[in-house]
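Engineer: Sequence:
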Amino acid sequence: MPELPEVETTVRRLRQPLIGRTFTGTSVMWPPMVRPPGVELNDRLPGQRIQSIRRRAKYLVFELSGGDRLIIHLKMSGDLRVCEAADALDRHDRIVFELDDGNQLRFNDTRKFGRVYLLAEPGAVLGRLGPEPLSGWFGEADFLALFERRSGRIKPLLMDQTFIAGIGNIYADESLFEAGIHPLRAADTLSETEKRRLYHAIRQVLSLAIRHQGSTLRDATYREGRYQDRFCVYGQHGRPCARCGSMIERVRVGQRYAHFCPACQQ
DNA sequence: CTAAAATCCTGGTGGC
DNA sequence: TGCCACCAGGATTTTA
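Read in order, the letters of the first sequence correspond to residues 1 to 266 in my numbering.
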């Protein structure tokens, strides 16, 4: 479920039940999800209180009273749920965090790609990330500056987390449509006007998606989001473009598909 | 340098 | 109904 809007929605949903709670124990059903390998959550987590929860790129960052940070990446299929201890475990619950109010935070992840880090110094995980696209400090000029010495196609560049943080397959496609830019364009051929359009498209698409609590796909576990009803191109191949009526196309870029309108996007 | 493929995993879907 | 290939919101590492 996770690109920036879905992770932001998850953070906002977790704050009320979790801030102020203290971890009392953990059960790890799939140890490879805890990084680096061999870190015993039970050695350091119990007794630490959750002081704040924030999002950085697609990571959730829990600031803890003992000076550590619990950092979680949901990857493709992860979900975080607050449950009562008596609730039956789901077969895809991989890590259970026990809380001092008797509830549990459960990391459910069908595909086991998700990752949990417990670190005093988060730089190793968060250090190389690009700017937050919705930050008040991130202006047009900052976005233009990112393009210096960057080549390659614009769509993979938008999904490069060291270029800009939080954009994945859906919101890269939707932002490029909104900006009228073809996903296979070389980044160093974009005019300044096109880059400015892209800057505003990214911010508009991401903030509207957050307002709709992200997108819900086939995945039955994450149902809050409604932004999928507003997709202009993602998953719309073979259907007419709502703006011009041309057929939406789909093309492979690396291992992923890019969806675009061949008339609206040049 | 870019870019594509392989990798980590499970489950749903569509074709035959 | 079964089997199989392919697909999926990510990101790193390897290979070309």
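Be careful, since some hints might not be right.
To be verified - Keeping only pairs whose Cα atoms sit at most 20 Å apart, straight-line, the calculated SDA-like set for lysine to any residue is:
1. Lys-75 x His-92
2. Lys-195 x Gly-245
3. Lys-75 x Tyr-257
4. Lys-112 x Pro-37
Note that these hints are calculated values from the structure, not bench results.
What you are looking at is a predicted structure, and each value in this text was computed from that prediction instead of being measured.
Engineer: Does Pro-37 lie within 20 Å of Lys-112 when you go C-alpha to C-alpha?
Structural biologist: 14 Å, holds
Engineer: Taking 20 Å as the top limit, are the C-alpha atoms of Lys-75 and His-92 close enough?
Structural biologist: 14 Å, holds
Engineer: Straight-line Cα separation of Lys-195 and Gly-245 no greater than 20 Å?
Structural biologist: 25 Å, violated
Engineer: Against the 20 Å threshold, does the CA-CA distance of Lys-75 and Tyr-257 hold or violate the hint?
Structural biologist: Holds, at about 18 Å.
Of the hints listed earlier, the one the structure fails to meet is number 2.
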